[in-house]
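A.B. asks: What follows is the residue order along each chain.
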Amino acid sequence: MVAPAVIITAALVVYPLAMGFQMSLESADAAVGGQPRFVGLGNYGDVLRSSTARDAIVHTVIYVALAVTLELTLGLAVAVGLHRAFRGRGIVLAILILPWALPSVVSGVLWRRVFDPDSGLLNSVLQQLHIVSHPHVWLASRGWALTFIALVHVWGVLPLVSLILIAGLQSIPEEIYSASAVDGATPLRQFRHITLPLLRPSIAVALTVGTVWAIKIFDEIYVLNGTALNTRSILMEVYNTTFVNADFAHGTALAFLLTAVTALFAGVYAVTFGRSTT
Amino acid sequence: MTRCPAAQLLRVVVITGIGLWSLAPIGLGVATSLSTQADVQAVPARWLPGHAMLDAYRSLLGGTGDFRAGGTVSESGAFAHAMWNSASVTLMSTLAILCVAISAGYAFARLRFPGRGALFWAIVATTVVPVFTVVIALFGLMADMHLIDRTLGLVLVFVSTTTPLAMWLVCNHVKELPTEPEEAALIDGCTRWQAFWHVVLPQMRSGIAALSAIVMLSVWGEFLIPLLLTSTSASKPVTVLIPEYVGKYTTNYPLLAAAGVLALLPPAVVALVLNRHIRGMLSGSS
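Here the protein sequences line up with chains X and L, keeping their order. Position 218 of the first sequence, counting from 1, maps to 218 under my numbering, and the rest follow consecutively. Position 259 of the second sequence, counting from 1, maps to 537 under my numbering, and the rest follow consecutively.
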């Protein structure tokens with residue numbers, strides 16, 4: 001019964017991975033018909049020295065930091081507000097997960113009008129409130145563009161993070177709260193000393209999910225700002241190197257670096273946070 | 279904590295916040311899709327259209343020469359065809375993924391065979407690999423097999439990239455089911471297969487509903503893979519067509535919003551109808 005899954009994963013994931021890894025160790029001229037030459041980790045070095053790839057790495061780190069911070073703080077607030085039963089909770093939860101269900105390409109399209117420099121809603125509101133005097137071209141400035149793209153990304157991922165944290169809160173026995181209340185603990189102290197420590201496994205999962213999703217951010221950037229250099233993520237740089245410049249060797253090298261970092265993050269979170277529970 | 283006024287206040291704030299945060303962008307998209315180009319270009323911004331116009335949808339689906347929405351889509355029927363491509367790829371992939379993931383997930387959860395643990399983690403570990411890393415190498419493989427720009431090629435790739443996660447979810451789900459009914463069936467002389475088909479599968483109904491929803495949503499929303507593996511309207515899904523429109527009709531917001539609204543309808547319906555099951559499986563996946 002496991003045969004189909006094993007065969008499909010081996011043939012269409014593991015084999016191409018191995019092929020890709022081999023590609024990343026060979027010289028770039030293989031793509032243009034030349035004889036591939038083994039260059040070891042040379043492509044990896046080239047990639048790490050390239051300034052566009054370095055910028056992309058910095059941007060991705062910013063995306064991940066912004067996204068994970070926002071998702072975790074907002075997610076905690078949502079979870080604390082919603083984990084107990086109340087009338088209409090089902091409807092609220094259904095509305096909560098809606099953005100997660102939508103294609104990220106569509107999220108990008110929905111938000112585009114907000115950031116438009118000429119007729120954008122953000123500029124319009126800020127001007128009416130006299131916060132800015134003239135329309136800003138938000139997506140042209142690196143800082144704002146990264147922030148807003150991260151925000152659109154968070155729009156789609158926050159539901160998932162919130163659901164994970166809600167499930168975590170529901171697994172904490174109610175008696176601990178009532179016992180500590182008898183001992184005179186304030187809600188804030190309860191949150192600090194009961195909720196947060198007992199929520200650690202769920203926070204670990206939420207962190208992993210948030211990081212793994214944010215580290216491969218692509219769609220939102222593509223729709224909001226194209227492949228512009230000021231917002232390019234690592235995955236976008238991989239796409240550009242591989243399919244626009246037809247440089248498979250360097251593209252796969254960068255892709256494998258991204259894979260390694262993703263696996264590292266997942267592993268570290270699993271070990272550091274997972275240990276406390278098992 | 280339940281009767282604490284601060285907690286009550288937080289709940290009200292959270293509920294209002296969620297409503298606005300989740301629905302405002304969608305509402306804005308619907309409003310924009312019903313606007314005219316004059317509405318969206320007004321300064322200060324006009325949030326709601328003067329009167330609702332369906333022109334954007336008409337030019338999107340019909341490809342007529344009506345310019346009131348601010349331009350028109352030249353390739354008549356391209357959008358409808360892309361919606362159809364998305365739907366067929368999603369349905370075929372979901373069906374295939376369900377078959378593969380359910381049988382493997384069940385076997386890993388209940389059967390004992392050599393190499394089980396190692397095999398299971400080897401498959402699950404591939405979920406960490408960004409799909410893109412695989413697709414670069416797959417591109418060559420797909421080209422050799424003449425599967426570029428073919429629905430079948432897309433389905434194959436989606437099955438291989440989504441099965442590990444789906445299998446993991448199934449395995450967790452099966453482990454939570456009581457084993458007694460199945461054991462009783464086996465003792466009564468059912469074969470493993472009969473017990474699986476007649477006893478376990480019906481027990482898994484809610485899990486299967488959740489899994490199909492999660493898989494459908496993820497395949498429908500996939501952008502990068504079809505961006506690379508499709509080139510013509512023969513197999514191009516709607517998620518690839520929309521960014522093309524963004525490039526072509528940059529500031530034609532009514533048209534882009536209409537495309538977005540049509541593309542979000544199927545996943546929104548799936549998410550709302552099956553949301554209880556989805557929530558159960560997503561939060562259980564920890």
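Check each hint, because a few of them may be wrong.
Said to hold, decoys possible - Listed next, with one range per pair, are the computed distances between beta-carbon atoms:
id : chain 1 : residue 1 : chain 2 : residue 2 : range
1  : L       : 470       : X       : 45        : 28 to 36 Å
2  : L       : 330       : X       : 18        : 52 to 60 Å
3  : X       : 85        : L       : 283       : 13 to 21 Å
4  : L       : 369       : X       : 65        : 33 to 41 Å
5  : L       : 366       : X       : 151       : 29 to 37 Å
6  : L       : 355       : X       : 141       : 24 to 32 Å
7  : X       : 41        : L       : 476       : 53 to 61 Å
8  : X       : 228       : L       : 470       : 17 to 25 Å
9  : X       : 174       : L       : 355       : 54 to 62 Å
Stated by the list, open to error - Within a straight-line C-alpha distance of at most 25 Å, the following computed SDA-like cross-link-like pairs (lysine to any residue) qualify:
id : chain 1 : residue 1 : chain 2 : residue 2
10 : L       : 453       : L       : 430
11 : L       : 526       : X       : 269
12 : L       : 526       : X       : 245
13 : L       : 453       : X       : 144
14 : L       : 453       : X       : 198
15 : L       : 453       : L       : 509
16 : L       : 526       : L       : 547
17 : L       : 453       : L       : 394
18 : L       : 526       : X       : 140
19 : L       : 526       : X       : 228
20 : L       : 453       : L       : 482
21 : L       : 526       : X       : 198
22 : L       : 526       : L       : 316
23 : L       : 453       : L       : 479
24 : L       : 453       : X       : 269
25 : L       : 453       : L       : 390
26 : L       : 526       : L       : 543
27 : L       : 526       : X       : 118
28 : L       : 526       : X       : 267
29 : L       : 453       : X       : 122
30 : L       : 526       : X       : 173
31 : L       : 526       : X       : 41
32 : L       : 526       : L       : 509
33 : L       : 453       : L       : 400
In case anyone wonders, no lab produced these hints; they're calculated from the structure. For glycine and all other residues, C-beta sits at the position ideal for the given N, C-alpha and C.
A.B. asks: Mind listing which of the numbered hints don't hold for this structure, in increasing order?
C.D. replies: When the structure is compared with the hints, numbers 1, 6, 8, 10, 11, 13, 15, 16, 21, 28, 29, 30, 31 turn out to be violated.
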